[in-house]
Each structure stands twice: as C-alpha cells, then as structure tokens.
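Chains A and B, in that order, are what the protein sequence lines are. So the first sequence is residues 1 to 425, counted in the UniProt record's numbering. So the second sequence is residues 1 to 118, counted in the UniProt record's numbering.
Check before you lean on any hint, since a few could be wrong.
Stated by the list, open to error - Derived EDC-like pairs (lysine to aspartate or glutamate); straight-line CA-CA distance at most 16 Å:
hint: 1; chain 1: A; residue 1: Lys314; chain 2: A; residue 2: Glu346
hint: 2; chain 1: B; residue 1: Lys15; chain 2: A; residue 2: Asp46
hint: 3; chain 1: B; residue 1: Lys29; chain 2: A; residue 2: Glu11
hint: 4; chain 1: A; residue 1: Lys252; chain 2: A; residue 2: Asp268
hint: 5; chain 1: B; residue 1: Lys2; chain 2: B; residue 2: Glu101
hint: 6; chain 1: B; residue 1: Lys15; chain 2: A; residue 2: Asp268
hint: 7; chain 1: A; residue 1: Lys81; chain 2: A; residue 2: Asp62
hint: 8; chain 1: A; residue 1: Lys413; chain 2: A; residue 2: Glu394
hint: 9; chain 1: A; residue 1: Lys413; chain 2: A; residue 2: Asp365
hint: 10; chain 1: B; residue 1: Lys35; chain 2: A; residue 2: Glu11
hint: 11; chain 1: A; residue 1: Lys410; chain 2: A; residue 2: Asp383
hint: 12; chain 1: A; residue 1: Lys271; chain 2: A; residue 2: Asp285
Calculated directly from the structure, the hints in this document are not laboratory data. It should be emphasised that the depicted structure is a prediction, and the values quoted were computed from it without experimental measurement.
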Amino acid sequence: MKSTGLNKTGELTSHFFRNEYGKLVAVITRYLGSEHVETAEDIVQDALLQATKHWDLHGIPDQPKAWLYTTARNLALNALKRRKHQRAYTFHQTNGTFEVEQLPFSEELIEDSQLKMMFWCCHDSIPEHSRIALILKILSGFSISEIANAFFSNKETINKRLVRGRKQLRNVELDSPNEQDLNHRLQTVLKTIYLLFNEGYLPAIKNQTIRFDLCLEAIRLAQLLSDSQLIPKKADIHALLALMYFNVARFKSRVSKTGELMDLREQDRSKWDKELIQYGIQFLDRVVHGNTLSSYALMATISANHCVAASYDKTDWERILSLYDELLLLEQSPIVQLNRCVVLAEVKGIPSAITKLKDLGTQTDIHRYYLYHFTLAEFYKRDQQWLASKLAYEEALKLSENPRDREILKKKKQALVPNSSSQLS
Amino acid sequence: MKEFLLLIRSEESPKANLSPEQMQQHIEKVGGYLKRLSEEGRMKSAQPLEMTGTMLSYKNGKIVDGPYNETKEIISGYYHLLANDLDEAISIAKQDPRFEEGIWRMEIRPIKHVEGIN
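Chain A on its own, in the form it takes in the complex:
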C-alpha cells in the first residue's frame, strides 16, 4: 500500500500530520537510540513546522510525504552529526548497523518501528495512565493540551503522567518482544488500546471531535498490530477491532441535534454507520473461525447484537444475557455484573433487576461507584418509584468525581419528576 499523503482532490489525507508524526518519531528514535526519543520528537515537530511554513502560502507540494521525509531525514542527520562531534567514541557502537548517511525510511522499517514503539510505551512496568499518555504523545502526535481535552483533565496532570512514564521508559529496552513474552505483552498493549478507546468513547457532550479522534486512533493502532507479521495469533486483536468498530459506528448518534445525550433506547438507529458496522462484522467473523474465546470477542458479539437489532425492543436480549453469563465466566468483575443487570431488566423485568442489583451492592464494593447508583436510579425511574430514583441519583452525584458525569447526572435528576409531590411514592 503506497500513499502519497494526498487524496484525489489534492488535499492532505485526514490526520496526515498526526499519523506521519508517529511514524517519523518511531523511525528516528531507532536511529538516534531510545534514550533520545525526546530529541526525535523535537526533530519531527520541527520538520512539520517547516512544512507548515512552506505550504501555507506556497500550497501543498505534489508529494507531501516525500517532502516531509526528506526534511526530517536531514534534521535527523544533523542531530547525528552533531553528536558524532561531541561523542565520537560511542558513535560507532550505537549506530554501527545503519548506513548513517542514508537513513532509509522504508515502509517496512516504519511499520516495524511503530510496533516496537507501541510495545515499548505499553511495558508492564509503566503505570496504565502513563502508557496511554505516552502512546498518544509519541506515537499519535497528540499535544499535551489535546490529550488533556480528550481526557477532561488538565495539562499539568497529563504532563505528570508523561514525565513519570518517560522516567520509567529509561529502564526499558526498545525491542521486539521475544516469542515467550509476545502474548503476554500483546495483552498489555491491547488493554492499553482498549482503555484509550474507552476514554474517547465515554458519553459526553464536550470535546466530541477530539474524543472521536481518540477512538479512531485506537483503531489505527490495533490495525497496525493486525497488519504485522511479527504476531502469529491475531484472534484477540481482531476481536478488539470488531468491538471498537461496532461502538464507534454508534458514536455520533449519541448526541441529539439539541445537544442532549441519548442512550441506546433513544438513539436514531439510521444514524449508525453501516460501513463501520460492516468492518466490525468482518473482524468478528475472523474471530469466530478461530477457537479461542476472549472477553473482547464476547463484548464484540454483544455489541454486534445491538448493531444488528432493528430497534431497541427488537433486540435479542436473551441472547445478550447469555453472552454476559459467558463473559462472567471469564471475568468475574462487578462492572460486568452491573451491565448484565441492565440486560436482565429487559429479559426478566425491572423488579428482578433491582433485586439483583441490590444484592450485588451488598456483595461487592460496586456501591462506591457512581454508575451503580445511576443504574439503580434509572431502574427506579422506569418503575415509577420517583423518590427512590431521586435518592439514587443524589448518591451517584455524591460519588462522581468528573464534572462531565456530574453534569449528565444533574440533568437526568432534574428531568425526573414533574414538580408535584403526589407523584412521589
């Protein structure tokens, strides 16, 4: 696959700069040595800046990619030459395997470097939050303020995560995982990508564009893994890709024209992206033909069931419930239990779902999580137990820390009861 960076109408392909940033940083870091990753980032930022300066008044060249690579290569060569003067004695050791004067940027080398970079940023020894921040900064070309916006956080917090991550990176080697730890390390990478996706997918009104980009970026990273020849077993990668495609297909239908958040029941299903659903189905098919059953595969199958249902009422709730039961066998998590209760409400009715949810609240510490009370509040509302619903919303509000969640909860609570006490039960 050879792309020039221009689409048919001569405009830059979308996210061209962002994607090229990640590729170039990955390759140049290999040439400079992993301890110089920040120099590589500066070099690439500088190359993009030069491109911007030339292109904004002169127009985009016919081969933007080649233009960019030449500029980046020259900047990298300069950095290497400077270092040669400074530390001639180590130069041959660190760069002995490369034809330094040429610095080839082949497609294979780019792909391989990106993969190594992904495994590097997702090393077990790096805290989860830092992994996501590192990936987004180094491999996806997001700026610190873009990451902060996407995470509803602030620049200081994100910066702290990056600094912590970079410090840890110094103890980790930039290499391909060997066959023994490949699967284990792949799981960590997949989990990081999944968290990254979820961060973007969280329901919220604000920062729609950047969060949608986050979801697409997670898909792009998983796609890189899926295309790689280094990884023989790809079932989990395909399952995760299917899951992400099914969800991202519904991304834009979650906010109404008037800017209200819509849940699954309220969404206009004609707005779901059929093409993305189709991609999801293709990947899921590949998983089904294998023999392994992962939580990603089960979650993807659950999503697939939602995607193909003609309406909320026509959803095959019993099938989804049994998929949740299977998921629980793999993953005994209270969050999965909580989600299962929502499905249980459709299959067995609200009262039994409330009973089940309350049991769950006494058996686990999920009652400390705002979504537990939110779900309970929604159940009470549908059961017309207005006061209980109001109290549960208030409990959820008390426990939610994020202003985004609080805003949604407040709206839901306000919309609860017409202001008449006679309706309070």
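Position chain B against the provided structure of chain A, taking the given hints into account.
The following block gives chain B in isolation, referenced to the frame of chain A:
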C-alpha cells in the same frame, strides 16, 4: 480595483506550539482561503518570508546593520491583492483563518498610485 499590500506580522515562530493536527488544519484553512481569493482573481501574489534577514541603515556617513526592532515581531509573509477600496481590503483580511489562531497581526496598506508613473 485598487491594489493593496497585506503584511502578515507575527512573533518569532507562531506555529511552533501548534500540534500536528492543528498545523494541518492551519495549512488547510489558509490554503482554502488563498485558493478562493485566487479564483476570484483578487490575489496577485502571496509569499512567505524567511524568518532570518537583515536590516540596513545609513548612519554617520556609512551603511550599518540595524537598528533592529526591539520587539520580536517581524513580517513573516505578504499578500498582494486587489480590492475596490480599503474597507473591502479590510473585510478580506478579516476572513483570513489565521486570526482564529489569534497569534497574528496584519497590516493593510493601499499601494500608492501616482498619475502617470505606475
């Protein structure tokens, strides 16, 4: 139609802090704006200027370097365009997407025409 010179002024490296995505958006927005102006036949030329250069002046009988402006602001590019009058030139300048980034200043100067000379 009258001719105008629009001087784009900025601090040293106004785009340095943009993220890759923002850089791309910058190119696309400015590119679209310039393309539209050329298609309307209003844009005679648009050029970026290198951030380096020198300033010469005549002092005490000889040519010397400087003085340089005390501010870091320099002219980073120019447009040479056609408009009916200054008001129209201003309104065209205001549409420049650069202003959305808030890091630019634009000086708008009518090119002086003297009867019989240019």
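task = Check each numbered hint from earlier against the structure, then list the numbers of those it violates in ascending order.
result = Numbers 5, 6, 7, 9, 11 and 12, in rising order.
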